[in-house]
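J.: Next come the chains, spelled out residue by residue.
There are 2 protein chains.
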Amino acid sequence: MFSRNGGCLAAIVCAFIGILIGVLVGCFGVNSITKEDQKRITTYQKLIEDKWASETDETQMILDLISPTNLRNNLKELSRKPHLAGTVRDDELAMLIQRRFVEVGFDTAELVPYEVLLSYPNHTNPNLITMMDGSKKVVFTSKFKEEVLHEDDEDPDLVHAFNGYSAAGDVTTQPGDGVIYVNYGRVEDFEKLEELGIDVAGHVVMARYGKIFRGNKLLHAEQRNATGVILFSDPGDVALKGTDPEDVYPNSNWLPGTGVQRGWASPLEGDPLTPGWPSTKDAYRLDESEVPLPKIPCQPIGYDDARAILEKMGGRAPPRDWIGGMKGIKYNLGPEMLGEYQDYTLRLQSHNLLRNVNIYNVIGTIKGSVEPDRYVLIGNHRDAWGYGAVDPSSGTAQLLETARVFGQLLKKGWRPRRTLVFCSWSAEEYGMIGSTEWVEEHLEKLQERAVVYLNTDTCAAGPILTPSLSPLIWDSLVKLAKIVPGVREGKTVYDEWAAYYRARNRSSPQLKTLGSGSDFAAFAFYGGIPSMELSFRTDQNKYRISKYPFYHTGYDTFHAVDKFIDPGFRIMQGCGRLASLFLKYFADSALIPYSLQQLSRAVGENLNKVKDKGKGATLLKIYDKFPLLEESAHNFMTATAMFAQKLDSVKDTLDPVMLRAVNDQMMKLERVFIMPAGLPGRPTVRHAVFAPSQFDSYAAAGFPGISDLLYKIDDLQEEELSKRHKEIRRHISDLTILLQKASGLLEDFNLI
Amino acid sequence: MFSRNGGCLAAIVCAFIGILIGVLVGCFGVNSITKEDQKRITTYQKLIEDKWASETDETQMILDLISPTNLRNNLKELSRKPHLAGTVRDDELAMLIQRRFVEVGFDTAELVPYEVLLSYPNHTNPNLITMMDGSKKVVFTSKFKEEVLHEDDEDPDLVHAFNGYSAAGDVTTQPGDGVIYVNYGRVEDFEKLEELGIDVAGHVVMARYGKIFRGNKLLHAEQRNATGVILFSDPGDVALKGTDPEDVYPNSNWLPGTGVQRGWASPLEGDPLTPGWPSTKDAYRLDESEVPLPKIPCQPIGYDDARAILEKMGGRAPPRDWIGGMKGIKYNLGPEMLGEYQDYTLRLQSHNLLRNVNIYNVIGTIKGSVEPDRYVLIGNHRDAWGYGAVDPSSGTAQLLETARVFGQLLKKGWRPRRTLVFCSWSAEEYGMIGSTEWVEEHLEKLQERAVVYLNTDTCAAGPILTPSLSPLIWDSLVKLAKIVPGVREGKTVYDEWAAYYRARNRSSPQLKTLGSGSDFAAFAFYGGIPSMELSFRTDQNKYRISKYPFYHTGYDTFHAVDKFIDPGFRIMQGCGRLASLFLKYFADSALIPYSLQQLSRAVGENLNKVKDKGKGATLLKIYDKFPLLEESAHNFMTATAMFAQKLDSVKDTLDPVMLRAVNDQMMKLERVFIMPAGLPGRPTVRHAVFAPSQFDSYAAAGFPGISDLLYKIDDLQEEELSKRHKEIRRHISDLTILLQKASGLLEDFNLI
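One line per chain: the protein sequences are B and H, in this order.
FYI, the numbering for the first sequence is 1 to 752, going by the working numbering.
FYI, the numbering for the second sequence is 1 to 752, going by the working numbering.
There's no promise every hint is true.
Because identical chains share one entry, a pair is satisfied inside a single copy or across any pair of copies.
Listed next, the in silico BS3-like pairs over lysine-lysine satisfying Cα-Cα at most 30 Å (straight line) [what the hints assert, rightly or not]:
id, residue 1, residue 2
1, K479, K491
2, K281, K625
3, K615, K281
4, K726, K136
Derived from the structure by calculation, the hints contain no laboratory data.
From just these sequences and the hints, can you work out the full model?
T.: Structure representation (structure tokens):
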């Protein structure tokens with residue numbers, strides 16, 4: 001173009017040569033760029049790229065791809081047959097899941113075996129509760145298995161109703177004695193009985209399910225020298241519309257009278273024989289005699305059988321609030337039978353067996369492109385007490401669909417920044433065994449590398465999002481719930497969630513930290529890894545029930561989900577979408593999207609709760625330095641605020657290494673709350689700030705060590721009291737130091 | 001140049017325009033480069049740069065700058081006055097060091113206080129050993145302080161000779177009884193006495209220093225119900241040229257008869273009142289009564305006094321090898337005195353006091369430019385029993401000079417890739433208290449971020465490099481020793497080191513892992529941080545002595561170092577050069593220069609040692625799965641070899657994040673060897689592979705848990721034996737799993 005203005009060939013040639021020189025200068029001079037440079041720029045760009053922010057198409061793709069039809073098909077296959085841990089069908093499903101992981105294009109998909117101690121009923125010699133009249137004639141025999149009510153609940157492999165790890169035993173009462181009714185079997189219930197002059201020692205007790213972990217009911221009875229325990233489902237919890245056939249399964253969402261809640265009932269989590277270490281094939285094992293397994297039999301029954309027993313009981317009337325949902329009978333405390341049954345005896349026979357079996361976890365991974373050594377994990381258990389359509393197969397159906405959708409992204413050339421890890425656990429129903437053993441085996445790696453663990457045990461037990469989680473991931477959950485469509489047209493999951501809270505007079509959803517009861521336990525409480533239990537539950541504004549009615553029964557079937565719990569599979573779709581986005585959000589955000597200030601706020605709020613009901617004054621009297629704990633909690637709040645502010649001002653200028661350094665700093669924050677030797681008296685529960693308290697392992701508690709140490713402190717005698725006071729001082733001091741350490745971790749960027 | 005070939009202005013103009021176009025194309029075309037790109041290239045380059053390899057000038061500068069004159073001046077000031085922990089002079093020196101760190105340009109320099117329980121003699125009521133004749137007339141009184149022999153050892157603040165934490169007490173023997181001579185006070189020595197029918201119960205025992213930690217001598221005596229302990233320095237250890245004045249200090253390198261070795265003698269490390277947690281101001285503390293401090297008095301004396309006692313002892317003759325270096329006396333075992341002293345009594349009075357005092361560590365840092373959150377640490381203690389010219393001031397003099405040299409580099413614009421941390425500890429002499437409390441306070445941060453800890457306690461006690469270290473840093477030490485000049489012209493430190501080993505018929509220097517006895521203990525054995533004790537010691541080919549003669553005495557003075565131990569300060573110069581290069585090597589190498597294969601080799605060798613002397617057969621008999629431990633050690637060797645090979649093939653292509661990921665992977669390797677709850681029965685010693693065994697804390701041991709559990713196993717009765725067997729099985733299983741975890745950490749690059 002310039003040459004036209006000249007007019008002589010020389011000029012053109014010169015101009016060309018000039019251009020050439022210029023290009024050469026441009027290429028090799030101060031501002032030149034080589035192939036090597038270009039590679040560096042590209043790599044650099046990749047290393048700091050916020051894939052989450054830039055990949056809006058992939059976000060939409062996830063929302064679009066999670067399919068109700070697939071979820072339904074998955075669930076149908078998963079719940080087709082009973083699949084108890086340690087049985088052939090559970091192993092088959094493990095292989096099915098592994099195969100799916102391979103098919104969708106995962107980088108790895110492994111079966112990971114552990115040899116563990118499980119407990120089973122003896123199917124050739126069923127557990128029975130019988131009543132005999134004065135001539136020893138059997139006049140009542142309990143059912144050990146649900147009546148078949150629908151083709152979906154008919155399978156010879158359905159395990160008998162039993163309580164895992166409860167002892168075998170054969171107990172017969174004195175003539176005229178039946179059971180003592182102990183309400184929920186809580187400590188306060190047993191205390192009430194004591195107050196009323198009723199001693200459970202030497203008697204069989206009968207408790208309704210609910211309020212606390214069943215293992216604690218058994219433990220409380222055993223500690224008071226009861227000889228056996230009968231657990232039953234109260235129709236007031238499981239049959240709120242009535243107990244007539246048309247009001248219950250297979251015609252509705254409520255439990256019929258032969259439905260029995262199974263469930264593990266030992267105080268131990270993980271394989272009982274390897275506390276704190278993994279049950280790999282050749283690992284050392286304790287003798288069974290060294291392990292505090294239950295020593296008395298415990299048997300669950302349905303409410304039909306429960307009624308048959310309770311209606312025969314005499315003795316004093318119970319407190320008014322002990323009266324449950326059985327219509328038309330008079331509740332009495334026992335143990336004596338009513339006059340007409342005064343020569344009856346009751347017999348509890350349990351033939352449970354302990355067996356060493358192999359269980360299989362399935363672990364699949366999609367390797368991260370930038371930080372393969374940072375893990376974003378999702379998992380749920382696979383084993384079920386029966387068909388397990390809701391628990392856990394609604395979670396597993398979601399896991400498979402989530403895996404499929406990520407497989408689709410992989411086929412498009414996508415790859416996450418961090419490694420995604422998909423886990424299918426076995427033997428959760430026996431005390432989170434599969435996940436616990438795996439965490440024990442990989443503890444150091446996980447504590448070093450895990451960003452977050454998402455658990456999806458019962459994805460769809462009902463329509464309301466009911467998560468419990470580490471405060472560090474709360475803001476992310478809220479953000480994502482706002483972009484996932486809800487069950488109703490035009491509403492998001494967040495809308496429906498918020499509406500639920502508005503009906504309870506709360507302006508927005510409230511953070512609930514983790515209690516126990518599923519596979520997040522080892523991650524969160526043993527490893528200090530920020531975790532979430534993602535579940536959709538029954539609308540408690542409509543029905544105040546703690547679990548869904550079919551929980552752990554033979555009626556937790558595909559039919560129940562397909563017809564009543566999630567027809568159309570919209571809840572599961574929401575769960576799958578939320579889970580998938582959650583994984584991508586934590587895997588692809590350059591800066592890990594932890595909500596640090598939610599963490600410090602929760603610390604402060606939990607500390608306030610510790611002081612509730614005069615306990616603050618008690619603690620101050622025991623330890624004059626208690627205020628220093630509050631001071632350090634306050635300082636932690638300041639430290640997180642300052643860190644967040646600083647991070648905000650520099651986050652766009654971080655180079656790839658500093659980006660990782662800051663992420664490392666945040667990742668280790670909750671790990672600091674782990675006490676290496678565990679909470680006082682609890683070596684396997686090590687999270688000092690958020691963990692269930694010892695005396696109700698279902699409930700979440702803040703600073704559980706303090707509540708545990710204060711528990712029943714007024715009952716202690718001088719010497720024991722003085723020892724307890726020392727433990728309290730020591731623990732408060734430990735907590736103070738631990739919060740100081742957490743602040744220290746955030747002070748300055750990456751410098752002591 | 002090209003325009004000259006044309007000839008018309010247009011051509012020149014065109015050519016210029018052409019150049020312009022060319023430059024513009026070069027800048028903005030396909031191959032163009034923006035300012036932003038340039039920044040990315042530069043940053044990227046910085047992030048992967050191997051500063052160690054590229055900065056040969058700086059390496060030379062370090063070698064040139066470490067100055068004997070400065071080291072001498074430093075030492076003179078540091079050893080001018082006694083500076084016992086918790087005294088004004090130790091605090092003054094802390095402030096001096098802090099000031100120096102500031103002056104040379106460190107980014108931070110802090111005094112870090114801890115309130116701890118120390119032990120002191122009562123200077124107004126000295127500890128005494130006396131002998132009285134039959135008329136109660138005192139005929140002998142021990143010296144509680146060295147005689148002044150040179151101006152450098154004259155100071156009223158020199159602490160009396162005593163053994164830290166030994167109990168106050170006043171013990172008088174029966175008339176005619178003196179002491180029982182117990183040789184080195186080892187278990188085998190006490191067993192020998194038992195064999196000879198001599199019971200130490202109710203008697204004062206007298207042991208020579210050496211072979212094992214003095215605290216163990218006291219413990220052994222206490223366990224056998226002795227009433228007091230006298231420790232003395234054997235002239236055979238400390239005065240090898242004779243005891244005449246011309247052969248000893250201040251005229252030579254040997255100890256005179258009034259020199260007394262002080263030293264802490266409790267079984268505890270760290271502040272006795274806060275085991276496992278830091279002694280910050282408001283931390284909870286145990287009561288003194290809850291702590292297993294020694295319960296009987298223990299007093300050290302010089303060999304003049306020892307002779308005065310021993311020469312009066314009667315009783316049986318000791319085994320031949322118990323006879324020490326005192327010429328002209330007949331050794332007898334006691335407790336009875338020789339005939340002429342048969343109405344004599346011996347009295348041991350100790351007035352030691354426990355005091356809560358503040359001690360100060362000094363922590364200085366030079367912030368890393370690329371990875372500020374990765375720490376390369378150097379430290380040694382500052383407190384001394386007296387003037388402490390060798391122990392620890394030779395190390396401190398080096399620390400200050402090393403700091404100065406890095407300050408010089410900083411002034412040139414240099415900055416390390418990783419953060420350098422300089423530590424001056426207090427109260428090491430009381431059980432590594434300053435370093436232990438600091439590690440306890442910063443444990444999580446250090447386990448996350450520390451690359452290596454270098455300890456330089458006694459930089460110059462003699463001319464021979466005598467390091468003990470984690471195998472992970474062995475290759476680096478060897479490499480650097482080959483570029484540091486030695487004491488003799490033309491020789492390197494390595495040459496002199498290798499010559500020492502050649503004289504012992506070893507073709508090259510041999511790796512020695514860490515025993516106990518200095519501030520690396522908490523880093524290595526509690527935290528699992530690869531550590532090295534860098535020291536130059538007496539040439540054991542010339543003199544087979546365990547410590548240098550002035551160790552812990554009032555004659556460890558500047559005069560002694562300046563005249564006899566390191567005249568010209570060439571040893572200290574070598575130590576300073578080696579330490580500085582070591583810091584720079586680990587701070588600046590892009591890939592952390594760990595020698596992984598030395599680690600796995602050492603694991604294998606130590607496991608072989610565990611099987612020595614038939615112990616392999618014993619272990620196999622106790623636990624049939626013992627071979628699995630060997631298998632896992634073997635697999636660990638394979639895993640490290642494969643990792644090293646893989647790393648070698650990719651190391652030049654790693655991007656900055658993967659570079660860091662691989663470094664993280666290696667950094668965590670030794671951490672895996674830490675058992676959270678500690679070795680069996682030893683909560684504060686947690687390193688399962690390299691740590692001192694329980695019964696001789698000076699010596700390094702491989703798999704100390706196994707040796708500890710096998711110790712005296714033949715003496716156990718049935719029930720205890722069965723319990724011990726279980727512990728052994730459990731521990732071997734734990735070790736097997738732990739080695740599997742270590743292999744797992746290396747398998748694949750950064751993927752489970």
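J.: If a hint holds in the structure, say so; if it does not, say that too.
T.: Evaluation of the provided hints:
no.: 1; hint: K479 with K491; verdict: within (15 Å within a copy, 67 Å between copies)
no.: 2; hint: K281 with K625; verdict: between (48 Å within a copy, 11 Å between copies)
no.: 3; hint: K615 with K281; verdict: between (47 Å within a copy, 25 Å between copies)
no.: 4; hint: K726 with K136; verdict: neither (57 Å within a copy, 49 Å between copies)
When the structure is compared with the earlier hints, a violation turns up for hint 4 alone.
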